[in-house]
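Respectively, the protein sequence lines represent chains U and H. Here my numbering is used: position 64 in the first sequence is 64, and no number is missing along the way. With positions in the second sequence counted from 1, the corresponding number in my numbering is that position plus 1000.
It is possible that some hints are incorrect.
Cβ-to-Cβ under 7 Å is the rule here; a few derived chain H residues that face chain U [said to hold, decoys possible]:
{"id": "1", "residue": "V1045"}
{"id": "2", "residue": "A1048"}
{"id": "3", "residue": "A1050"}
{"id": "4", "residue": "N1051"}
{"id": "5", "residue": "S1054"}
{"id": "6", "residue": "L1055"}
{"id": "7", "residue": "A1057"}
{"id": "8", "residue": "G1058"}
{"id": "9", "residue": "M1059"}
{"id": "10", "residue": "E1062"}
{"id": "11", "residue": "L1064"}
{"id": "12", "residue": "N1085"}
{"id": "13", "residue": "L1089"}
{"id": "14", "residue": "H1090"}
Simulated from the structure, these hints should not be mistaken for laboratory data. Idealized CB from N, CA, C, for every residue including glycine.
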Amino acid sequence: MRIRRLIIEQSKRAHVGHIGSALSIADILVALFSGIVDPERDTFILSKGHAALAQYCVLAELGVISRQMLDTYCGDDSQLGVHPDHTLPGITFSTGSLGHGPSLGAGVALAKRIAGKPGRVFVLMSDAELNEGSVWEALMFAGHHHLENLTVILDNNGQQALAPTAEVIDLSGISGLVAALGWECRRADGHNVGALTDAVATTLPGNPLFVIADTVAGKGVSFMERQVKWHYLPVNETQFAQAVEEIG
Amino acid sequence: MRKQFVSTLIGIASRDERVVLLTADLGFMVLEPFAERHPDRFFNVGVAEANMMSLAAGMAHEGLIPFCYSIATFASMRGYEQFRNGAVLHQLPVRIVAIGGGFAYGTAGPTHHALEDIALMRVQPGVAIIAPADDGQVDRVLRDHYALPQPMYLRLAKETASHPELNGRFRWGRLEVIGDGDIAIVTIGSMTGVALEARRRLQAQGIETAVAVAASIAPAPTDDLVALLSTKSACITIEDHRPVGGLGSLVAETIADHGLGLRLVRCGVTDPAGQTTGSEDFLRHRNGLDVNGLLAAVRQIGLVPA
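Let's have the full structure, built from the sequences with the hints guiding it.
Written out as structure tokens, the structure reads:
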């Protein structure tokens, strides 16, 4: 999938930012949507809604939405805003306010258990999202109720809107915290599709799964990587040319 | 009304396996019968209302009908954004069961007084807001509308109540009107008892009034209100809620929208922030929300002798 190229093109065309976050999760989405997530049976929730452009590009590559529809990104009367809307094919829940995805996912997972339905629930969230208290309510609940059909993937890019996460709220001890709440915790290179696939493919009976995907914000474009400013900035012509050349 | 809610819900859950009950760790001596009868569909989510609202949205998305139980202040406000972005935005059948509107938790203090919950819910699109007047209405609304596809906010008083004048009547988007006269008293929830007693006292003086119970706040009983108020000289609303955004506002909007010319007096909670607390009776009295307060509001209009 040519996700990064599409991200840069659409961001340039629409003159909209959040490129760093979208590039950060590109490989995670490729891993999930190349055989892990079964759209008929499973549920995927992008809790870090501000990276929706990456999901739109995946949906376009998979043919769930058309290229013409992708080209409406951030246009007037479009279903493709900066944050995802559930009216768009392939989007289960509208997100954009941080910290809702883990609870929504736990609700879906619990309902599947009650109804005896198969399928897993995948929630992709950001590391800064751990600042939200509701995330911890959900982590406690899912651990206590042994929601083994729930998997949370943490896009651990170490950056948030204004500063590196370690400077805002240091959560480098996250794996121990999550494990203490009853989660199976794994770690993988968030830009290695094979390693990510291995980390999320299997679950442990009785435990929800938490995968820390170590990523680089702006991954693939040298001048964007690990730069806080690329959380918000759109690209100009020169930057676009360089980005496209680097991504190929 | 709490016990009636649980009793009716147990029956519904026995017939419909989609029904689940969530509580944010409240409902001691109330919810146990449901937990015993339907242990697989009862979840104490802990003291975590925000999580409860999103859990409910996720469960409703999968086809369940979750009821989320807590004290009205916490039920309406702690998970408000989760309710907005979940059940409301996706129009899912989540039910908030808000216990003890107004001053029902009197001595518990202002953190437990739900005085703005109806206002908060009225501004959300596609949310049914129901404030039953008695146990009969609780039973009726649940039986008839528990499976509504949209979200519902159910505002219940703590204690049991029964008004023979209503005889359990509840109709979606309608008023239940008791009596007739030149003055209409429009009420909701546990204020209904105060309104009916004021009606009896006025009747004893030879003054007839119509008491209209607006248990269905949303969908609003607009047609019934217009029909009722078109024939009246004055209207008094009484609610255990701020006069802004609740029943009084609904009636004022209806009068304005339809160009009705009658006088309106809105009785509601006018205490400023930071007042002393006390029993429900004390707090209602201080805000003019008892029988004497309502009679004073009637006299204020000047249509009846002082």
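Against the structure, the hints:
1. V1045: The hint holds - V1045/H has a Cβ within 7 Å of chain U, the shortest such distance being about 6 Å.
2. A1048: holds, 4 Å
3. A1050: holds, 4 Å
4. N1051: Because about 3 Å separates N1051/H from the closest Cβ in chain U, which is inside the 7 Å limit, the hint holds.
5. S1054: holds, 3 Å
6. L1055: It holds, given that the least Cβ distance between L1055/H and chain U is near 4 Å, below 7 Å.
7. A1057: holds, 6 Å
8. G1058: holds, 2 Å
9. M1059: holds, 4 Å
10. E1062: holds, 3 Å
11. L1064: Cβ of L1064/H sits 5 Å from chain U, so the hint holds.
12. N1085: With Cβ-Cβ at 6 Å, under 7 Å, it holds.
13. L1089: Given a least distance of 5 Å, the restraint on L1089/H holds.
14. H1090: Nearest chain U Cβ about 6 Å off; hint holds.
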